[in-house]
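Visitor: Given next are the chains, with one letter for each unit.
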Amino acid sequence: MALVSHATREITCKIVYYGPGRSGKTTNLQHVHAMTPAARRGQMVSLATDTDRTLFFDFLPLDLGSISGYRTRLQLYTVPGQVYYNSTRKLVLRGADGVVFVADSQPQQLEENIESLRNLHENLIEQGTDVRDMPIVIQFNKQDLPGAMPFAELDDILNFRGVPSLAAAAVSGRGVFETLRSISELTLRRVARSLRRPIVASSER
Amino acid sequence: MSDVVSAALSRLSQVPGVRSAMIVDAEAGVPVASELGAGVSGEAIAALTASLFQRTEQAARDAALGRLGSLQLETDEGHVVVAGSRPLIVVVIADRDAQLGLIRLEADRAVEALR
Amino acid sequence: MRRGDIGRLNELLREPMRVFVRESRAHIALLVNASGQVLAQHGFVGRYHVMNVAALAAAANASARLLADLTGAGRWHYLHHAGRSRQLFLAPFATPSEELILVAIFDESSTLGLVELFFQRFASEIRRMPEFAEVLPPVSASAFEGELEAGLDRIFAPQQSGEGA
Chain L
569 MALVSHATRE
579 ITCKIVYYGP
589 GRSGKTTNLQ
599 HVHAMTPAAR
609 RGQMVSLATD
619 TDRTLFFDFL
629 PLDLGSISGY
639 RTRLQLYTVP
649 GQVYYNSTRK
659 LVLRGADGVV
669 FVADSQPQQL
679 EENIESLRNL
689 HENLIEQGTD
699 VRDMPIVIQF
709 NKQDLPGAMP
719 FAELDDILNF
729 RGVPSLAAAA
739 VSGRGVFETL
749 RSISELTLRR
759 VARSLRRPIV
769 ASSER
Chain F
12 MSDVVSAALS
22 RLSQVPGVRS
32 AMIVDAEAGV
42 PVASELGAGV
52 SGEAIAALTA
62 SLFQRTEQAA
72 RDAALGRLGS
82 LQLETDEGHV
92 VVAGSRPLIV
102 VVIADRDAQL
112 GLIRLEADRA
122 VEALR
Chain H
2 MRRGDIGRLN
12 ELLREPMRVF
22 VRESRAHIAL
32 LVNASGQVLA
42 QHGFVGRYHV
52 MNVAALAAAA
62 NASARLLADL
72 TGAGRWHYLH
82 HAGRSRQLFL
92 APFATPSEEL
102 ILVAIFDESS
112 TLGLVELFFQ
122 RFASEIRRMP
132 EFAEVLPPVS
142 ASAFEGELEA
152 GLDRIFAPQQ
162 SGEGA
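Protein chains in written order, with my numbering: chain L, 569 to 773; chain F, 12 to 126; chain H, 2 to 166.
Quick caveat, the hints were computed from the structure, so don't treat them as lab data.
Only a predicted model underlies this, so the values are computations on that prediction, with no experimental measurement involved.
Do not rely on the hints blindly, as some may be mistaken.
For each label pair, taking beta carbons as the anchor points, the in silico distance ranges come out as [to be verified]:
#, chain 1, residue 1, chain 2, residue 2, range
1, F, Glu-54, H, Glu-135, 28 to 34 Å
2, L, Val-699, H, Asp-154, 28 to 34 Å
3, F, Ser-17, H, Ala-134, 41 to 47 Å
Here a beta-carbon is modelled for each residue, glycine too, at the ideal position from N, C-alpha and C.
Model the full assembly from the supplied sequences, consistent with the hints where possible.
Guide: Below, the structure is given as structure tokens:
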């Protein structure tokens with residue numbers, strides 16, 4: 569749940585990057601970390617296995633600067649993708665204000681994408697969140713790989729709720745900031761609605 | 012470590028024939044304070060004596076014999092005296108020819124001081 | 002994620018686990034590696050329950066270790082949670098081949114000191130086993146998930162009634 573302090577005029581939102589194993593969630597954060605000026609971000613924390621797969625979460629705090637007079641911070645998290653780690657995935661999902669679903673565009677991963685999306689909905693419902701109220705953006709990652717399914721086809725299959733969707737190749741950075749911007753706007757607009765204040769999301773990163 | 016505890020420990024260690032003395036947290040089975048002789052594992056002794064004391068306490072209760080005061084073990088090489096002052100217990104390890112009466116007295120004294 | 006020989010390891014670890022549980026009087030014990038792969042268990046009812054605890058234990062260990070690094074605390078010996086009637090003990094230990102984690106749950110019939118004492122003995126015994134004596138080859142990341150779940154399948158195979166009650 570977004571932390572809003574009217575006294576100190578600060579807003580902090582939690583964005584969780586979700587998706588099947590190895591779809592590029594950690595890569596998204598690594599790219600954001602690499603490309604964001606040090607003054608605008610904190611240290612990135614990664615709890616990973618010895619094969620570099622997320623074991624618990626990755627965490628990256630960002631400072632978006634002032635939006636409508638409020639100091640706006642984002643906390644980006646990733647979850648472990650493997651089915652096995654569902655318990656830890658649920659923990660990380662708690663209190664999420666927005667979700668980026670990172671899908672793997674390779675055809676052999678289609679089932680994994682569908683299963684992960686189903687798992688996301690299941691976990692949200694279990695924690696009492698109305699899925700329709702949760703800001704979600706879908707990123708079709710690995711569009712650069714040969715044989716990657718076309719955007720339109722993936723969108724047709726996976727984006728049945730018609731949420732904003734983007735193409736990406738996180739490993740080169742393509743689409744990473746666009747995705748972040750999209751989820752930030754959606755999330756902050758929702759926070760603004762609950763505050764009943766207009767918040768204009770600027771292009772500040 | 013409080014003065015009371017270190018004073019009690021000091022007195023115990025100074026009794027002739029005492030090799031090691033410990034104050035142990037009976038609930039957690041961990042040492043609170045110790046003066047150990049060479050080659051003695053304080054943690055192991057703390058864990059095992061606490062467990063033993065607890066079990067013997069239970070036996071005394073079950074046998075309707077009331078509260079357990081102290082436990083005394085006789086071994087080939089010496090004696091172990093364990094006296095209770097819940098939540099703490101006092102453990103003394105002494106040579107075979109140590110004056111057991113004196114040790115018992117000092118252990119009871121320590122228990123009183125720690126109460 | 003290391004092990005393809007889970008079935009065999011499980012057999013070899015059965016006795017050390019049994020001794021640990023008996024001596025420490027813990028009623029649940031779980032041995033996992035740093036990625037949460039289950040190597041041995043005692044007292045669990047179902048594979049999904051074990052899976053949850055295993056994944057969370059690995060996460061807790063990773064968090065605790067990072068906390069120690071970030072705060073300059075060095076290495077923890079163990080993590081201990083004292084509840085009203087039950088306590089949790091979680092301790093990592095290094096073997097030549099990999100880091101392992103032992104998780105134990107105990108109640109008032111045991112103490113932290115006792116559990117830690119027998120954990121130390123358990124860890125020493127595991128370290129001496131030839132199965133944990135050699136540095137393991139690097140793992141194929143694509144086989145990762147399969148191995149996580151396959152390990153559980155082997156431990157909870159129908160013909161092994163084991164110690165799980």
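Visitor: May I ask you to test the hint 28 to 34 Å on the CB atoms belonging to Val-699/L and Asp-154/H?
Guide: holds, 32 Å
Visitor: With respect to the beta-carbon atoms only, verify the hint that Glu-54/F and Glu-135/H lie 28 to 34 Å apart.
Guide: holds, 31 Å
Visitor: Is the hinted range of 41 to 47 Å satisfied by the C-beta distance from Ser-17/F to Ala-134/H?
Guide: holds, 45 Å
Going through the hint list in order, the structure satisfies each hint without exception.
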